[in-house]
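Take a look at the letters that make up each chain.
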Amino acid sequence: MEYLVSIAVGVLVAGGTYLVLRLRTFPVILGISLLSYAVNLFLFSSGRLALNLPPIWTGDAAAYTDPLPQALVLTAIVISFGMTAVVVMLALSAYLTARDDRIDTRDDDAGGRDQA
Amino acid sequence: MLVGAFIGLFKNDLKALLAYSTVSHLGLITMLLGFGTPMAAVVAVFHIINHATFKAPLFMVAGIIDHEAHTRDIRRLGGLRHLMPLTFGIASIAALSMAGIPPLNGFISKEMMLEEAAHTDWLGSAWLVPGLATLGALISAAYSFRFIAHVFLGPPRHDYPARPHDPPIGFWIAPAVLVILVVAIGLQPALVAGPLVALASGAVIGEAPPAYTLKLWHGFTPALLMSAIAIAGGLVVLAAYRALNRLWLRGPRLEAKSIFDAILDRLVGWAVSLTRALHDGAMTRYTAIFMATVVLAGTGAWLGGAGPGVAREFLPIGPVPAIGGLLLLVATGCIVAFHHNRLLALIFIGVIGLIVSLAFAYLSAPDLALTQASVEVVTIILLLLALNFLPKSTPRESSGGRRLRDGILASLVGLGAGLLTFQIQASNFSQASISAYHLANAKPGGGGTNVVNVILVDFRGFDTFGEIIVLGIAALVIYALTETLLAGAVGRRLAVRPPDTGEAGDSHPLMMVIATRVMMPITLMVALFIFLRGHNQPGGGFIAGLVVAIALIMQYMASGFDWAAARQKYPYHGIIAAGIFAALLTGLGSLVLGYPFLTSSYGYFKLPFIEKFELATAMAFDAGVFLCVVGAVMLALESLSRLAHRRGERPSPYPMDIDPSRTAQTEKA
Numbered sequence: 001m002e003y004l005v006s007i008a009v010g011v012l013v014a015g016g017t018y019l020v021l022r023l024r025t026f027p028v029i030l031g032i033s034l035l036s037y038a039v040n041l042f043l044f045s046s047g048r049l050a051l052n053l054p055p056i057w058t059g060d061a062a063a064y065t066d067p068l069p070q071a072l073v074l075t076a077i078v079i080s081f082g083m084t085a086v087v088v089m090l091a092l093s094a095y096l097t098a099r100d101d102r103i104d105t106r107d108d109d110a111g112g113r114d115q116a
Numbered sequence: 001m002l003v004g005a006f007i008g009l010f011k012n013d014l015k016a017l018l019a020y021s022t023v024s025h026l027g028l029i030t031m032l033l034g035f036g037t038p039m040a041a042v043v044a045v046f047h048i049i050n051h052a053t054f055k056a057p058l059f060m061v062a063g064i065i066d067h068e069a070h071t072r073d074i075r076r077l078g079g080l081r082h083l084m085p086l087t088f089g090i091a092s093i094a095a096l097s098m099a100g101i102p103p104l105n106g107f108i109s110k111e112m113m114l115e116e117a118a119h120t121d122w123l124g125s126a127w128l129v130p131g132l133a134t135l136g137a138l139i140s141a142a143y144s145f146r147f148i149a150h151v152f153l154g155p156p157r158h159d160y161p162a163r164p165h166d167p168p169i170g171f172w173i174a175p176a177v178l179v180i181l182v183v184a185i186g187l188q189p190a191l192v193a194g195p196l197v198a199l200a201s202g203a204v205i206g207e208a209p210p211a212y213t214l215k216l217w218h219g220f221t222p223a224l225l226m227s228a229i230a231i232a233g234g235l236v237v238l239a240a241y242r243a244l245n246r247l248w249l250r251g252p253r254l255e256a257k258s259i260f261d262a263i264l265d266r267l268v269g270w271a272v273s274l275t276r277a278l279h280d281g282a283m284t285r286y287t288a289i290f291m292a293t294v295v296l297a298g299t300g301a302w303l304g305g306a307g308p309g310v311a312r313e314f315l316p317i318g319p320v321p322a323i324g325g326l327l328l329l330v331a332t333g334c335i336v337a338f339h340h341n342r343l344l345a346l347i348f349i350g351v352i353g354l355i356v357s358l359a360f361a362y363l364s365a366p367d368l369a370l371t372q373a374s375v376e377v378v379t380i381i382l383l384l385l386a387l388n389f390l391p392k393s394t395p396r397e398s399s400g401g402r403r404l405r406d407g408i409l410a411s412l413v414g415l416g417a418g419l420l421t422f423q424i425q426a427s428n429f430s431q432a433s434i435s436a437y438h439l440a441n442a443k444p445g446g447g448g449t450n451v452v453n454v455i456l457v458d459f460r461g462f463d464t465f466g467e468i469i470v471l472g473i474a475a476l477v478i479y480a481l482t483e484t485l486l487a488g489a490v491g492r493r494l495a496v497r498p499p500d501t502g503e504a505g506d507s508h509p510l511m512m513v514i515a516t517r518v519m520m521p522i523t524l525m526v527a528l529f530i531f532l533r534g535h536n537q538p539g540g541g542f543i544a545g546l547v548v549a550i551a552l553i554m555q556y557m558a559s560g561f562d563w564a565a566a567r568q569k570y571p572y573h574g575i576i577a578a579g580i581f582a583a584l585l586t587g588l589g590s591l592v593l594g595y596p597f598l599t600s601s602y603g604y605f606k607l608p609f610i611e612k613f614e615l616a617t618a619m620a621f622d623a624g625v626f627l628c629v630v631g632a633v634m635l636a637l638e639s640l641s642r643l644a645h646r647r648g649e650r651p652s653p654y655p656m657d658i659d660p661s662r663t664a665q666t667e668k669a
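Residue numbers (the working numbering), protein chains in the order written: chain A, 1 to 116; chain B, 1 to 669.
These aren't lab readings, by the way, just hints derived from the structure by calculation.
Possibly wrong hints are sitting among the right ones.
Simulated coverage check for chain B against chain A, where a stretch passes if three residues somewhere in it have a Cβ under 8 Å from a Cβ of chain A [said to hold, decoys possible]:
(1) 2–16
(2) 83–97
(3) 237–247
(4) 279–285
(5) 377–389
All C-beta atoms, glycine included, are put in the ideal place defined by N, C-alpha and C.
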């Protein structure tokens, strides 16, 4: 199982990195989403994986899952939605203002297209 | 030390000469501290005191001469001995001390410095440091002699700018007192300066200083020989000063300011060219450089340490997880391959999110699975809303070489992340995790058995409080951006854009409207259930908030924005604020009762007809989280939707575009 999670994190990071390096905003947003899946999985796995361990305290179980990374990842998931939403909005307003969704802008075509 | 001494030697301004000699002496003190031995530190402290006692009168003398003769130019001075005998006496004692002539204090500390230098090896040579130290002492002696000889000795001149004579007592009393100290420390070093040196050097070293005695006569040591060489050499330099000065003036001028400026210019030039090369305005380039740097740093760390190897037993991979993993890998590959088709890429994102939430469920983290699944829904809706305005496909514009470069870089980053994850999985905790504390105290301290939720609303409540505020700010940022867009030229353009082609004839289908309306109360009830059980079973404010948000979004999607917005009475900003205030007041409540901020308490209550139940203040906090999540998610999505509004569109009075009962009525009429 550990192999599987490690490979999944690695592949998600690789795919996310590749997409983040693309030239348009939308693939970059997709890449950021992939990277946040990978980071959440990575943080979660730092508590070590556990199968069929109780996540709820009962007082008599021999072992429990590690609650701390879970609590951290839970907020991370929600916050990363907030951040994705902001990035999407930025990309959208940049596109609507400049009618161009390219990531790399030169100084000469910044902002000038709206009037054109 | 040497550079300062050489420059000082050839300065004609008295103050410049003294200033460069100070540079040289500071170099000497730094050198002593750099030797790193306790004894050298003692000598450094001692020399600081001595330097103060002889350099201060010299500066004052320079001031007196300037005041009396109206010049500080050594070339215009000389023979002042006859005109200012008192000043001459003060100046010569101080200058001889600086030259290191016994029995003055400068001699003692210079002697001790040479002694320390004599047993310091540097760059494999036993002679380098002693030789350089002697040279420094020699030049120091030379400029001290020059100070005396060229200013005071020689025949009196008749072309001074003003007629000099000894100044009144107010001028010379201060340097005189210091010069008395020079002599006193020279004759009785242990008595006069001993306690101060012991105290100060003890503070410099950090422990008691080594055993030493401050005394005038150390016997015939190598240092004495070096001292003698320095003094003799100093006299020789003075005698040959005219010739040397011509040589000096012919050579390149060593000016500290120009050296400093040149070095600074060069550094700034390098920095500018480096920055220009790295930051050329292309964001992909920054990102690529950043990723490459991370890979390099990670590789360095990986090679630098010995991994602990595999210290844990691995869990087996069942057939279902294997299929799930395969799906995730294939979906990731498909996104990379087909990301040019943006809608298709969204479907693959959905697959990945689903697999990740299933993985959380499988790996004993039900809270995470619920959160991931519900966030997945709102994320996809968000991206779909954005795609409504963005181009539906990404053009292929990267060159093959660039794709190869990015592919290699991405593979390396992925490999690093995978190896790191694996290595963490394979090793045990390096120290006991604090999770055990949380597990042990969740029920007795926080009153809940869902440890994850108790951590969120109780143990780390302050953290969560900050996070919901961040979420609220993110939503407000989106709202503000939308407002700006709508108010400007973009908003006017969007309002008159042509209708989308291929629009469905029935944009609010009957089946969907009915289904979502039936589901609405059920969904709200589920959310309430999830919220209430959150303290003891998987659930809680975050998840409940997301579920409610989804239920509301479904109304917007099915019945139309205007219909839903007309029935939404509370502005989402207000809901965010209410959530944050609820959380804040819960925290302040404990403050009022004399406990630290956000301390939670709980109790059990019994009402007729239902079972005994628990109420915790943490639930009020969780309600704040719930409200904030609902408000933030809804505000973000609603803002994006408002961009779609066209000018002239009237909200339809009917929730459904095609309504059989309405058609029947019109037919009847």
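In ascending order, which of the hints set out earlier in this document are inconsistent with the structure? Violated: hints 1, 2 and 3.
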